[in-house]
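For the sequence shown, the residue numbers in this note's numbering are 19 to 312.
No wet-lab data here; the hints were simulated from the structure. Each hint can be trusted.
Restricting the straight-line Cα-Cα distance to at most 20 angstroms, the calculated cross-link-like pairs of lysine to aspartate or glutamate (DMTMM-like) are:
{"no.": "1", "residue 1": "K262", "residue 2": "D304"}
{"no.": "2", "residue 1": "K264", "residue 2": "D275"}
{"no.": "3", "residue 1": "K231", "residue 2": "D273"}
{"no.": "4", "residue 1": "K231", "residue 2": "D295"}
{"no.": "5", "residue 1": "K95", "residue 2": "E73"}
{"no.": "6", "residue 1": "K95", "residue 2": "E64"}
{"no.": "7", "residue 1": "K262", "residue 2": "D252"}
{"no.": "8", "residue 1": "K296", "residue 2": "E216"}
{"no.": "9", "residue 1": "K264", "residue 2": "D304"}
{"no.": "10", "residue 1": "K296", "residue 2": "E217"}
{"no.": "11", "residue 1": "K264", "residue 2": "D196"}
{"no.": "12", "residue 1": "K272", "residue 2": "D303"}
{"no.": "13", "residue 1": "K272", "residue 2": "E102"}
{"no.": "14", "residue 1": "K194", "residue 2": "D213"}
{"no.": "15", "residue 1": "K272", "residue 2": "D304"}
{"no.": "16", "residue 1": "K264", "residue 2": "E102"}
Owing to the predicted nature of the structure, the values given are computational and were not obtained by experimental measurement.
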Amino acid sequence: MTLLLSELPGTHAEVVGWLEGHLVGLQLSRLVTELAAVHGAQRPAESIRGVLGAELSSVLADGLRVLTPQQLGRLMKQPFHLFELQELVLAAGGAHWQQRMGERPLPQRIEPNWQPDEGFRPEPKPRGRSMARGVALVAVGLLVGFATCYLWLVGPVFPPKRPQPPQVASVWGWNKPDATAKAETSRAYLTRLSDLVEEWYAGVPEADAPNRKLLLAIRLLELRSGCTRLSLTDHPLPAEQRDKLKARAAGWCKDIDILLQNVQEANDLTVWTPSIDKLVQQMADDLRAGRLDR
19 MTLLLSELPG
29 THAEVVGWLE
39 GHLVGLQLSR
49 LVTELAAVHG
59 AQRPAESIRG
69 VLGAELSSVL
79 ADGLRVLTPQ
89 QLGRLMKQPF
99 HLFELQELVL
109 AAGGAHWQQR
119 MGERPLPQRI
129 EPNWQPDEGF
139 RPEPKPRGRS
149 MARGVALVAV
159 GLLVGFATCY
169 LWLVGPVFPP
179 KRPQPPQVAS
189 VWGWNKPDAT
199 AKAETSRAYL
209 TRLSDLVEEW
219 YAGVPEADAP
229 NRKLLLAIRL
239 LELRSGCTRL
249 SLTDHPLPAE
259 QRDKLKARAA
269 GWCKDIDILL
279 QNVQEANDLT
289 VWTPSIDKLV
299 QQMADDLRAG
309 RLDR
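Please model the complete structure; the sequences and the hints are all you need to start from.
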């Protein structure tokens with residue numbers, strides 16, 4: 019699967035539109051994971067309000083275009099703030115964000131054999147020339163072009179060398195587009211949500227998997243993204259039941275944040291994996307039984 023950062027545009031205006039699309043889309047957890055891996059980012063103590071200050075109200079009203087390239091670059095170097103910004107946008111975004119959410123979703127590019135833009139292709143060579151030389155020229159051009167536009171945005175930052183992040187699983191659980199579609203009954207709706215969260219177990223990395231900590235963090239970020247959606251959706255349920263579900267999901271988001279922080283700091287993941295599985299099972303059991311009171 020192509021990394022989302024390989025699609026980073028080359029101008030500030032284009033980056034604004036690209037990042038706004040992810041803030042109202044379904045792949046924000048993938049983007050945050052990739053940015054965190056590039057910059058070695060940790061979950062910050064301060065909130066998005068401390069980062070954007072007085073600009074936050076303008077962002078909620080008019081979008082990311084009010085930010086300078088430097089401000090936008092700092093935000094992308096602290097990518098965990100994007101989750102909080104997404105919650106604020108979905109809950110209190112103005113007409114600009116309402117229009118973005120009403121647009122057709124950005125297509126998910128899954129191109130294992132992705133080719134460079136025409137501007138980076140080498141001139142055709144006569145037969146007999148080494149194919150290896152042509153492939154090398156394409157790769158170098160690609161790397162230079164991507165590095166140029168990325169460093170233009172975030173400044174001359176050179177993070178320590180890190181292994182390439184493992185590929186991210188496809189959309190699952192509460193991130194699926196039809197996860198919150200209307201059901202015949204409230205019970206059927208909650209049962210569907212219960213079944214979807216149990217998809218967690220299908221993607222948990224094995225104990226001996228390479229980069230297991232990173233893979234587990236990615237899975238948790240995807241769970242957190244779906245939980246955020248659950249906490250902000252106007253579910254097709256009776257008003258009292260809907261409000262309880264949203265409040266319960268907001269509480270789960272906080273539980274996931276704590277577990278994610280523990281995973282990032284843990285030397286032994288076996289200490290925390292049972293706690294994660296226990297939380298997921300509690301979510302599934304409570305939804306299936308209709309227990310929404312905290």
